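Participant: Here is how the chains run, residue by residue.
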Amino acid sequence: MTGGYRWPSALSTIARMTTILDPTDERVPVRRHLAVRPESISGVVGLLNITKPRGDILIGQLEARLRERLPNVEFRGYAKPTFTKPAPLDLRQKIAEECNFVIEALAD
Amino acid sequence: MSLPAFTLTDLTGAERSFPTGRHALLCFVKEDCPTCVLSMPLIQAAAESFGESVDVWCVGQEAGGNARLAERFGLTAPMLDDTALHVSYRYDLDTVPTVILADGEGAELERFVGFGRDDWQRLFQRLITLSLSPAPVVDWAAYPESRPGCGSKSVEPGIAERLAAEMDGSAMQARRIEVGESDDILEFMFDQGLTDGLPVVPPTPERVARMLTGTKRDPREVVATVPPNMAPLTVEKVAINAVMAGCKPEYLPVVLAAVEAATTEQFNLHGVLATTHFPTPVIIVNGPIRERIGMNARFNVLGQGNRANATTGRAVQLIVRNVGGGRPGEVDRAALGQPGKYTFCFPEFEERSNWEPLHVERGFNRDDSTVTLYAGGAPNPIIDQLSRGAKSLATSYGLGLAAAGHPKQYGHGEIVVVVPPEHVDTFAKDGWTKDQVRARIQEVTAKPARELLRDDFCAEGLTPAQAARIGLDTPVSKFRNPAEITFVVAGGPAGKFAAYLGGWVSGPIGSVMTTVKIRE
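Heads up: the sequence lines are chains G and V, in that order.
With the working numbering applied, the first sequence covers 6 to 113.
With the working numbering applied, the second sequence covers 281 to 800.
In isolation and in its complexed conformation, chain V is listed as follows (with noise of 0.2 Å):
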């Protein structure tokens, strides 16, 4: 393996550029490192005897700290100047001292970390068959079998971040854009239109390159193409309105897959954007990643207060803000809009149902975690405290189902409703399946297509032509088609209250619930 070349300059000021078409031996220290500290005589022992035909230097993170270990030790090897970390940073250091023997074109030979007596009379040993001189004169008893480094520099908090975004080769790519001191850089974003209406978090390189540590993908891998603008989508730019969300970098998998699916052609988010009905993506999400990242599927689930909750729907609609151009007034043609365009985001309360979790019903393992993505309007309420059986609380739910959008509007497509535990339990009591409910919601729905028929009382419902192709006796189910109404568990504890989420046109023609696994 070849180690990169760099040019540092040493204590008299004088460049030194590896490689140096001789064997090196470079030695990472920090002087507040007491196991760099125990290396320096075996540093400076090297440096004295191969060091006529070993380039032997060592690489120091601090310059004040390398001035103070080269006059305590007496050391003779240069002692190069990497406080700016650079050349730490692209050895990909977790440790010093970190010790590296390479050969005159630069490959790699050798390498260990911390200090390790084995590790250095190996050494030292190697360096005597290069270089043919006698070995170094070393009290090895006065040294210990072995004692663990510290850490280097350049992986410190705040640091790391700092280097992987200023480093030459860096995926970061997003334009930067300056913002003087003097302005308020909140004030500065709103200004930019950049922004749902509330403050961002200033999406700084380090902020961005921290919670890009939250996927292994490429940053500059496009993940998508965004409506309206049809603009592609890196990683990078998921990342940095992941930050301006809120987000935490462990976050970052569950946004990624909310936008992949909302940018299928299935679920057709032009549409759900474009529309003056009230859809927005709502992302339910199963699987271990729920309790991994915090997010909360109890007490006020649909609601405010959990951060991995808010923070991973508002960075979707950012995404499409920012990136896809997406703006209220614009090609957001929403007559009304609701709240969960802000952010609509919630897990499943797996844990708490009888009934197989969502994406398990959907053909994944329970051990896949997943985003399920629903075009979906803001929670509705079906209210019932009194029933104590299955069949009555299904019944309520077709009642409360038969408003849907509008009492007289049916042939109904995709349907969420949010089972709360409560009602979770009286299914449970009589053993009632999804299935059982959904047939159930059917057969309370169902009406003659006659009373469905457009009329004076109100305008909206079946043409007569419709009506007599069913038939104007023949029953009408408020659903197209039961498989499409989906039950998700979540909530608190006590409260006999159900919601469903309300469709947009659904199919083919609209929009198609979308399923895709989140990949860690």
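The shape of chain G in the complex, shown without the other chains (with noise of 0.2 Å):
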């Protein structure tokens, strides 16, 4: 074949890898799962109130609400210092320790 089309090198050779570093932190996400929903709700119930505008109202609601339906239940309140930042490790291992249950609760 004369004066034909030439197949540029790269196609008649073959395939070269292209090795690039890995910008990610490398880490494999741990996989988490939710914890096993009991059948009912017993001993402490903690309301953590990450201190948003009206936060106070809203777990106030849901307080008033959860007590009528659960009357043998306690409940206990906590605020997060500012809801800007993660909730500091003291305050999330106290509420571990003296809660089984606890909702956090958002608001605006």
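Some clues are possibly wrong.
To be verified - Each pair of labels, with its calculated beta carbon distance range:
| hint | chain 1 | residue 1 | chain 2 | residue 2 | range |
| --- | --- | --- | --- | --- | --- |
| 1 | G | E31 | V | G609 | 18 to 26 Å |
| 2 | G | P58 | V | R578 | 23 to 31 Å |
| 3 | G | L63 | V | K671 | 42 to 50 Å |
| 4 | G | V107 | V | G438 | 54 to 62 Å |
Claimed, not checked - Derived lysine to any residue pairs resembling SDA-like cross-links, with alpha carbons at most 20 Å apart:
| hint | chain 1 | residue 1 | chain 2 | residue 2 |
| --- | --- | --- | --- | --- |
| 5 | G | K85 | V | V785 |
| 6 | G | K57 | V | V611 |
| 7 | V | K688 | V | E764 |
As the list claims (entries may be wrong) - Chain G side only, calculated, beta carbon under 10 Å to chain V, not exhaustive:
| hint | residue |
| --- | --- |
| 8 | L26 |
| 9 | D27 |
| 10 | P28 |
| 11 | D30 |
| 12 | E31 |
| 13 | T56 |
| 14 | T87 |
| 15 | K90 |
| 16 | P91 |
| 17 | D113 |
Since the hints were made in silico from the structure, they are not lab data.
Keep in mind that this is a model prediction, so the values were computed, not measured.
Ideal placement from N, C-alpha and C gives every residue a C-beta, glycine not left out.
Two independent chains are provided; combine them into the complex using the hints.
Facilitator: Put into structure tokens, the structure is as follows:
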């Protein structure tokens, strides 16, 4: 064949690999499963207010409704120091120690 | 100093290992270097005279050239093949010829580069003493006094980066990802979720190695912990993302300083990212590095078109995404976001200001280069084309700023106002300081608390309890602390258009503006 089309060399050779460096943190995310949901609610229910505006109203309403339905359950209130940051470790530990359940409420 | 051990093959294919247990003279050469060619007869003379007790070796940098050199000069000394340049790289060569004398354990005794008649004569004297051999016959008068050498192949552009990337002991630790050539690498990076929605430069080991030349810091050094995943961030990971963003190596110190500032406790990057609000790390650069890396402080300063501005800010965003794991709709919960979340980085036009530049105001020296990070929103205009005096202009600033966020939301925290050169001149004409402008803003925005009450007209504003505590007739100013009004001078020569960059929750419960010195 003369004067015909010439294949670009890249296509006529075995494909080469390009190497790039991983820009991520390379950590495999931990798969988390929801905790087992119990049949009934007993013990202590924590109510965590993240301190957004009107969070207190939402938590208050929630507590009133739940008290009607769950007269034998104790409710305890907690609040994050600021909604802009994750809850501090000691608060998370306190809730884990003191409560069987926790409800975290956003608002605005 | 002990030299790295190595094993290379000579022209017969035999392996030669260093150190040898005897004194060794290592002569690194390449054929296309005239100074190497000039030195070859002396290397051969050394081999003939001292070869009984000293291992005289040539280390050639290119196989074909090695063989031709050996033949042309009737070389009896072994010619070792360092075509891979690994030995040249580990020996940190800049120049060929490089001549190194080592003892039997591989400790370096002497090294010179290029050609120096005195160097060779002194070396021969030393070898005579060491070997108790007679002096070689050399017509020294036929040699020039000195000749500079040539660049070692191991430092040629493109090769140096490859070597840095592939060498054992290379500090680059990141996982290598192989992408088949039939795959489009740009598409691959989109598919892997590694981009901000725009194409990125593939971070090949060579490019990353070149990027790392922008800093003296160890690639393995952990610079910061990046939220939301609280992932350790190494200098290498910063460099990888800087490559992707399109940075040049000289921008790397700015990116490093910016991530250090962003990841401080007080800047609260987690909150800046996770909020449904608008903020993004706005990076304001001060000091000599602005000019050195070619940042744009003038026309269209907050807009597109300048590589240093654009890619430096983008690199920080890519780090948050790729290392921190902060992605829109995941931990980045912004309702609307803003275009500055692609990149938001600009320098102050210090030379065009009568005021102290931002970093000096914040306690640094004028000669320091710094980044100041502010959790800021998109630019909002303050248009004043008619004021011919400072007071009127400052009044316009106050009237404009009163609407920041919402006209009835007062007690505002940090805000940044970008002041264009024409407004600088108007303030300068009357000799107004920044504090005078701040005071005027507070004065103009002041309203009795009753006007800021939540009401049927507009539900936003003070609660009755808050207003009562303040006093219904007590004037309230927009900003809770005028010192948190920050002025940055920047922009093109004409246009009486300032801009404020909307704030977020500021102070200890939100984000605090943070300045970090750039380490070059």
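Participant: For each hint, tell me whether it holds in the structure or not.
Facilitator: Going down the list of hints, with the structure as the test:
no.: 1; hint: G/E31 with V/G609: 18 to 26 Å; verdict: holds, 22 Å
no.: 2; hint: G/P58 with V/R578: 23 to 31 Å; verdict: violated, 42 Å
no.: 3; hint: G/L63 with V/K671: 42 to 50 Å; verdict: holds, 47 Å
no.: 4; hint: G/V107 with V/G438: 54 to 62 Å; verdict: holds, 58 Å
no.: 5; hint: G/K85 with V/V785; verdict: holds, 16 Å
no.: 6; hint: G/K57 with V/V611; verdict: holds, 17 Å
no.: 7; hint: V/K688 with V/E764; verdict: holds, 19 Å
no.: 8; hint: L26; verdict: holds, 4 Å
no.: 9; hint: D27; verdict: holds, 4 Å
no.: 10; hint: P28; verdict: holds, 4 Å
no.: 11; hint: D30; verdict: holds, 3 Å
no.: 12; hint: E31; verdict: holds, 5 Å
no.: 13; hint: T56; verdict: holds, 9 Å
no.: 14; hint: T87; verdict: holds, 4 Å
no.: 15; hint: K90; verdict: holds, 6 Å
no.: 16; hint: P91; verdict: holds, 6 Å
no.: 17; hint: D113; verdict: holds, 8 Å
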